[in-house]
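Colleague: First to last, the protein sequences are chains A, B and C. Here the first sequence stands for residues 1 to 355, numbered as in the UniProt record's numbering. Here the second sequence stands for residues 1 to 415, numbered as in the UniProt record's numbering. Here the third sequence stands for residues 1 to 295, numbered as in the UniProt record's numbering.
Errors might be hidden in some of the hints.
[To be verified] DSSO-like, lysine-lysine: derived pairs with alpha carbons at most 30 Å apart:
| id | chain 1 | residue 1 | chain 2 | residue 2 |
| --- | --- | --- | --- | --- |
| 1 | A | 90 | C | 206 |
| 2 | A | 73 | C | 206 |
| 3 | A | 252 | A | 211 |
Rather than coming from a laboratory, the hints here were simulated on the basis of the structure.
Here's the letter readout for the chains.
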Amino acid sequence: MSRIEIRNLVKMYGAHQALHGIDISIQPGEFCVLVGPSGCGKSTTLRMVAGLETISGGEIAIGERVVNGLRPKERGIAMVFQNYALYPAKTVYNNMAFSLQLSRMPKPEIDRRVREVADILELTPLLERKPGALSGGQRQRVAMGRAIVRDPEVFLFDEPLSNLDAKLRGQMRAEIKRLHQRLQNTIIYVTHDQVEAMTLADRIVIMRDGKIEQQGTPDAIFHDPDTVFVAGFMGSPPMNLVDCMVTPTGLKLGDSEIACATPDGLRAGARVICGIRPDDIRPAADQPGRATATVPVDLIEQLGTEKLVHFRAGQHSMIGKTGGRVDLAEGAPHPLAFDMAHAYFFDPDTERRIR
Amino acid sequence: MIKTRFTALALAAATALTPLAAQAAEIEWLQWFAAENTDGFYDELVADFEAKHPDITVKLVTQPFGKVRESIVTDNAIGVGSDVLGLNMPWTKEFLDIGILEPLDEYLARDDNSFATSDLVEAPLGKIDGHTWMVPLNAFPFVMHVNMGLVRQAGFDAPPATWEELAEQAGAISALEDGISGIGMPFSSQPPSNGPILTFLPLLYAHGGRIMADTTPNFDNPEVVATLQFLKDMNDAGAIAPGAASRTGGVDLEEFIAGRTGFMISPGVHSSSITSRNPELEYTLVRVPTNGETAYRVHGWEIGIAADSPNKDAAWTFVNYLLSPEVNARAAKAANALPGNLAALDAVREGADETLLKQMEILSGDTPVEEMRQSPKAAASWSVMTEEIQAMLRGDQSPEEAAAAVQARWLDLAG
Amino acid sequence: MTTMLRQMTTRGTPYLFLLPGLVILGALLSVPLYKVVEYSLYDNVIVERNPTFVGLANYTNLMTDPGYWSAGFNTVVFTVGSVLGHMIVGIGLALLVNADIAPRARTFFRSMLILPWIFTAVVVALNWQLLLNPFGLINYMLQWMGLTSEPLDWLGDPDLAMWSLLLISTWRGYPFIMVSFLSGLQTVPRELYEAAEIDGAGFWHKFWHVTLPQLKPVIFGVALLDLIWTFQLFPLVWLSTGGGPGRATEVLSTLTFRLAFVDFQFSQAATVAVSILIISAAFTLLYLRNEARRL
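Here chain A stands alone, though its shape is the one from the complex:
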């Protein structure tokens, strides 16, 4: 269990700068998820922590040690790869035992550790198989087992679930969470899936174009986004983000006007990006007393427990939600209530939150 300090980390590929001074401070035992679209630099950051990429600037410390010049094996880390990277010619047992064998641990001790971890991960019946004879989920567990047996200070996960189907992904997600609760190791976990980020993380770091967009607890990230990007990235279906005009009484959105309170700094006539989550747009009948607008509903998506209501407001496509049993007709105008108390306002130029 170690703290990880990443200070002003820079990565250059020739003249191209991939990371622009990243600062992350991870507490011992914290589960930190790096999330962002592909190319944002999250994997590069992880690989630099692992020692698989050279560091162009800044420093990384694991525990009290700066590890910039250390080889991967000297950093006290273990890593789970996206494609598992299991040794195809070795049995599950030997895949898991390999690092211990290399460190010349006595055989009985290796055996004890491997069997213990195999037991935790329910791999015991598979120990003599080769990776080729395992299912995707089993391989994933072996990859994790290989990391766990080493009892590292830090676990690094590089999109470990992206090769699994949706159902298995859900199971494995829970398993990883449970494992973390049990082992309490410090974890850096890279994913592009915001659900994984939300469910697993103690701390989420959202990255974009080699910079940190925002970091904080899942709650803070979800409910208190700093930027348009963060607001739009987290949450499914995503937050509605629409260009509006500020009026003395509220907002003008295309032809519709919605009465609401706006931040003090905004004067009438100013342009603003208003963000409101689909959960906060409900049929008017469900939420009497809220600001309502009658809008043309052009598509209903039935998800079971709820329905997504696609409608148009001015030039914008927006999404609202309703209960699964509510009957709504496509193609007809329908009054919807907007819970503007939970609306967010962003500066259209800087894309930063106006509080």
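Based on these hints, arrange chains B and C on the given structure of chain A.
Modeller: Chains B and C in isolation, oriented as in the chain A frame:
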């Protein structure tokens, strides 16, 4: 219906082709001569012939000496043999047994030949199985090429004339400096693996020895043993270039041309490549050192006609052209050799250089010897000599044992 | 009935197109094969106008000929030695030229190292004869480094000739192996090396635990192929040593050639050729089975 139409077609094709075939004959000439000539003489020769005989075209097929023998046999076996063949006397009996060669008696007896048979160098004409099988394009004795610079450096003013002098001078030259040797002996097993007939036989003949009694192997005689002993003594004294067992004829020649060996025993024709490739070399050639005998191994480039040739008359026309005194003189000069047609001798002597004149002197006075042409397995027998001499130089057997071993293996081959 | 006929013609059409090729290929393979086997059953051919059928006499001759067994032994030594040499040098160089260096330098080294492959056997043999000559570069270097006092006749000494031949054969044959392994190396997932690095593996461990197992199918296939080729390799041996000195480097292929073209014993040569054929065919079957298993 279909059948008759096919026959008609075939007939039409045949009639269309026949006059063509009669009009122009194309003959192939397989030889190694052009491979040993650098100035394109043979292309000019062929062009000259074609100008004089517009109805015949000659295709020059040139291969290195080491490959020609195999080519003749394989081409013959699959029926694509050349019409005119460059030949080497030792191959005669072998080729006869396969039936490759056309007897030339009838052609030699023709009235309209450009030469008189009695003018030709005699050795290759000698009848085997009752017939003559080849004619000489040229002839040359085996000689000893001498690097006079090294001889002088070692403190002598004249090349060696006797075995004793050879051993003394070769030893002295070897002692000069690293990388310089007295004499080269190409006893590599690498094909054609014929080092002994290039170097050992000329020394043996100069000692008055022979290896055949008529057509029977006669290798374990005192002269052979003495000659082997001479080689062994020179080798033990360090007079012979190291690595004889891996030295090929080609390397031997290159080393001499590069000035790293004092002496080289080989055909006289090599003098032209030596002088043209390294004009700086202080070079001369002499009779192979003797012990009083003046017998020399004779060699030459022979010409024959393939028994399977469909154009034997055209082939003979070309051979006849090559043997005419005027052409033969040119061919001899180009190879720096003596003419196969002795009527061309005067023409060759005119303007000939010293090395050629020396060869003429050897030819005119000394006794020519060629024994290999009687051997039914010439190539195999010289391979055997090579292997046993290698073993002797290595110290694995004495000269007597080597001689006995060769004799036994030859009898086995003939058996 | 007509449908069946139509089906047959449609199914047959591809084979019809293949027919000319198959006939030519079949003739090119089967005629010489048949001829060689036929030749081996006569007293002699080509040089013999009226060959006599002698059954298996040539084979019994062979079995009792110490020359044949010694050539067979040399062939095994030469083949196994060459293949081992090719493998070791080929894998080593493949690793080196697969290294992460400047792409231009890498291309340069790769093309340089392929060079031995493009020379004909004649050139290779001649060059090595010069290098291995008692006055050649190799002896000069060895003496300069003080490893030998006297120049060695590498190709002319029966104790050294086979080693020298193996050296030449290794030099000549490694590029094919190197290229095969290079393409094999490029299919090894990068992540495996990274995983091994994190597991604490150094160069040799990575080579042993990642590279080698990944290359195993390639190694097996290429080694077998190389074995088949080298087993019947003729020109390089014939041109480098001619089987000598004595018969120290005589292999089955040079023995065949010697019997045929030096001794003109074509039937006996055909017999040796058939024995080579049988052994090569066995290896080829093994190779095909290996390939089939990989598919």
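Colleague: Are the hints correct? Go through all of them and say.
Modeller: Hint-by-hint comparison with the structure:
no., hint, in the structure
1, 90(A) - 206(C), "13 Å, holds"
2, 73(A) - 206(C), "13 Å, holds"
3, 252(A) - 211(A), "34 Å, violated"
Consistency note: the structure conflicts with earlier hint 3 alone.
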